[in-house]
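Q: Make a model of the complete structure from these sequences and hints.
Under UniProt numbering, the final residue of the sequence shown carries the number 698; numbering is consecutive throughout.
Simulated from the structure, these hints should not be mistaken for lab results. From a predicted model like this one, the values you see are computed outputs, not experimental measurements. Glycine included, every Cβ here is placed at the ideal spot set by N, Cα and C. Hints are supplied without guarantee of correctness; some may be wrong.
Pairwise CB distance ranges (calculated) [unchecked claim]:
id, residue 1, residue 2, range
1, D513, P459, 15 to 25 Å
2, E318, S151, 53 to 63 Å
3, M655, D513, 28 to 38 Å
4, K627, Q186, 37 to 47 Å
5, C624, F205, 48 to 58 Å
6, T366, P459, 35 to 45 Å
7, K627, Y213, 32 to 42 Å
8, P38, E318, 47 to 57 Å
9, A460, P555, 57 to 67 Å
10, A460, D288, 17 to 27 Å
11, K72, K123, 19 to 29 Å
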Amino acid sequence: MADKLVIVESPAKAKTISKFLGHGYTVEASNGHVRDLPKSQTGVDIEHNYEPKYITIRGHGEIVEKLKKKAKSAKAIYLATDPDREGEAISWHLAHLLKMDDKAPCRIEFHEITKQAVKSAIKNPRQININLVDAQQARRVVDRLVGYSISPLLWEKVRKRLSAGRVQSVATRMICDREAEINAFQPKEYWTVIAKLHQEGKKAFFHARLVTYKGKRIDEITAEIAAEAKERLQQAEFSVDGVRKGEKRKNPPAPFTTSTLQQEAARKLSFTTKRTMMVAQQLYEGVDVKGQGTIGLVTYIRTDSTRISTEAQEAAKEYLMDKYGAEYVPETFNQFKGRRGAQDAHEAIRPTVMSNHPDLVKESLTSEQYKLYKLIYTRFLASQMTPTRFETMTATIGAGDYGFRFSGAKMSFPGFSAVYAVEADEADAQDESKLFNLHQGEKLQLEELDAAQHFTEPPARYSEASLVRALEEKGIGRPSTYAPIISTILERGYVRRENKMLAPTELGNIINDIMMRYFSSVVDIAFTAQMEDNLDHVEEGDMSWQSVVDEFYQPFSKSLAHAQEAMEKIEVKDEVSDVTCEKCGAKMVYKIGRFGKFLACPNYPQCKNTRPIVQELEVPCPKCGSKLVVRRSKRGRTFYGCEKYPECDFVSWNMPVKEKCPECGGYMVLRKRNGVNIHQCANEECGYSHNADAPQPS
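A: Here's what the structure looks like:
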């Protein structure tokens with residue numbers, strides 16, 4: 001008999017695992033799903049209890065035949081697909097195609113691709129979990145019924161090549177609803193009165209805010225109150241009425257879940273959700289590390305749990321004791337409360353081996369891999385550390401009938417922030433200079449009194465990160481679905497990116513209006529969240545997958561019948577540009593493709609001319625002085641190049657700015673660092689940078 005056969009999804013994963021198992025094992029990849037519903041038809045027999053019709057995926061025939069040949073002569077077969085519903089379903093389909101007994105212990109799972117984890121899994125095979133398979137099957141069938149029922153209706157009534165999906169339609173609705181909130185928003189005026197004060201004989205000043213009048217809190221400062229206060233306080237005597245000192249603790253953040261990793265990678269690295277998951281998958285499946293061979297650097301990346309194994313916590317404790325000392329290590333391991341409704345099937349995302357510090361493996365990683373791995377590593381390390389401590393002080397300051405308040409904080413012990421800065425730390429850093437040694441009864445000098453008018457701001461558009469957070473909070477989708485949801489609605493042209501925020505297109509609003517009018521249950525947020533709960537019940541064995549599908553389909557089919565009868569044809573006109581088609585002379589129109597807007601001839605298919613929309617920068621090319629333009633790579637990534645390409649080959653991934661480097665005279669680029677705009681010299685040997693938002697010395 002031949003070797004034992006291990007089947008995984010991807011060639012990269014197969015390559016990593018084969019090195020761990022060595023002689024006696026053959027590791028092959030299925031390249032994802034091998035069976036699915038046919039593309040040419042719905043593939044669900046509604047009349048016979050929603051029986052799905054599975055076929056071998058087109059293009060996978062050779063892979064399946066190869067696996068069958070290997071399986072026929074193998075001593076044993078182990079199905080080692082990912083440890084989630086999708087992975088379980090792939091194993092079930094493989095077992096069917098290879099004519100295996102799915103009741104036999106053929107399924108192995110591991111949550112990190114390390115030698116120890118893989119070998120341990122091989123020793124503990126189990127049966128395929130049919131409940132997990134059924135949960136995935138229910139989702140697939142419901143999504144197919146929605147997509148293959150509504151999409152043809154949209155083709156007929158609106159435009160060809162449109163689609164509607166169960167979860168993507170909810171995400172589109174949320175973006176449309178937010179845009180409607182923004183458009184309907186009425187700004188409200190409010191005022192602040194700020195006193196710029198300093199102690200007698202000292203130059204350092206601080207700001208105190210007006211909060212009371214005649215001992216009563218001012219709930220709303222109007223223009224009249226602000227003007228009256230400013231007039232009366234010009235000659236008033238300011239003094240400290242009371243000082244309260246204390247200590248504040250900021251607890252460490254939890255290790256990453258899929259959602260929080262996507263959010264933080266967007267904030268700190270400017271990664272899209274799709275890019276984050278692509279790079280994270282590479283780190284999970286295995287990277288060739290110098291001196292170690294191919295190894296998975298992080299644990300399984302699709303998880304909603306903040307749980308960490310005791311072994312991993314012990315490893316972190318040992319590292320922290322050696323690197324930072326006992327004061328940075330909590331007496332008992334930190335535990336984090338999970339999100340309500342979390343499945344908690346896997347650990348949080350963490351490094352597999354603490355000794356693989358990001359800087360030690362940096363030369364083996366791409367730039368993107370290093371950045372994301374460092375983010376995961378430092379976040380996990382921080383989660384196992386003691387809190388950051390601050391000295392705090394609140395002073396109440398009297399001036400006639402008016403009362404002001406000053407609050408300050410100064411870090412007294414860094415704790416976890418020695419390795420990881422969270423968003424609020426930036427505010428804390430600004431507060432450090434505000435901790436003044438004030439005493440009750442002390443007289444203060446007024447340097448300036450400022451009464452400022454403000455207006456309330458409308459809610460912000462969703463970014464990819466905030467949309468992921470909202471989807472998770474509302475119980476819509478699961479960790480594996482966030483990135484595909486956002487990619488789909490962007491590629492369909494229902495949503496566009498605008499300054500890194502998500503805004504609905506005209507087409508998106510039309511489709512959302514149709515869905516709201518005719519398929520309200522499909523885009524109902526509570527209904528969609530309930531569907532996720534039902535899928536969890538199927539996974540737990542408390543519901544049959546057919547009953548979940550039927551509960552959805554019966555009211556949906558009635559809505560579909562009504563829409564087919566009542567919906568009128570809707571014409572979506574293309575926006576006409578002022579650009580003339582050089583081939584036929586017509587005015588070109590704006591179209592939306594996979595990578596955003598482009599120009600196309602309206603006489604298609606007779607004239608198939610298209611042109612990219614060129615966005616110019618008000619910055620000359622550092623190489624030849626011509627204009628710089630925004631371009632897109634084949635993968636859709638933005639970069640900046642000279643308009644004279646290929647005569648001039650200047651390119652930059654980061655946006656060049658007008659400012660020249662004061663150190664070396666080279667060109668500068670715009671970077672984001674912890675949410676702050678940084679102008680940085682493009683010359684790595686120079687390394688000069690400064691805060692672009694801070695006023696610069698003249």
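Q: For each hint, tell me whether it holds in the structure or not.
A: Cross-check of the supplied hints:
1. D513 <-> P459: 15 to 25 Å: This hint holds: roughly 21 Å between Cβ atoms.
2. E318 <-> S151: 53 to 63 Å: holds, 55 Å
3. M655 <-> D513: 28 to 38 Å: holds, 36 Å
4. K627 <-> Q186: 37 to 47 Å: holds, 41 Å
5. C624 <-> F205: 48 to 58 Å: Roughly 49 Å apart at Cβ, these two residues keep to the hinted range, so it holds.
6. T366 <-> P459: 35 to 45 Å: holds, 37 Å
7. K627 <-> Y213: 32 to 42 Å: At roughly 57 Å between Cβ atoms, Y213 and K627 fall outside 32 to 42 Å, so the hint is violated.
8. P38 <-> E318: 47 to 57 Å: holds, 54 Å
9. A460 <-> P555: 57 to 67 Å: Cβ of A460 to Cβ of P555: about 35 Å, so the range 57 to 67 Å is violated.
10. A460 <-> D288: 17 to 27 Å: violated, 42 Å
11. K72 <-> K123: 19 to 29 Å: holds, 25 Å
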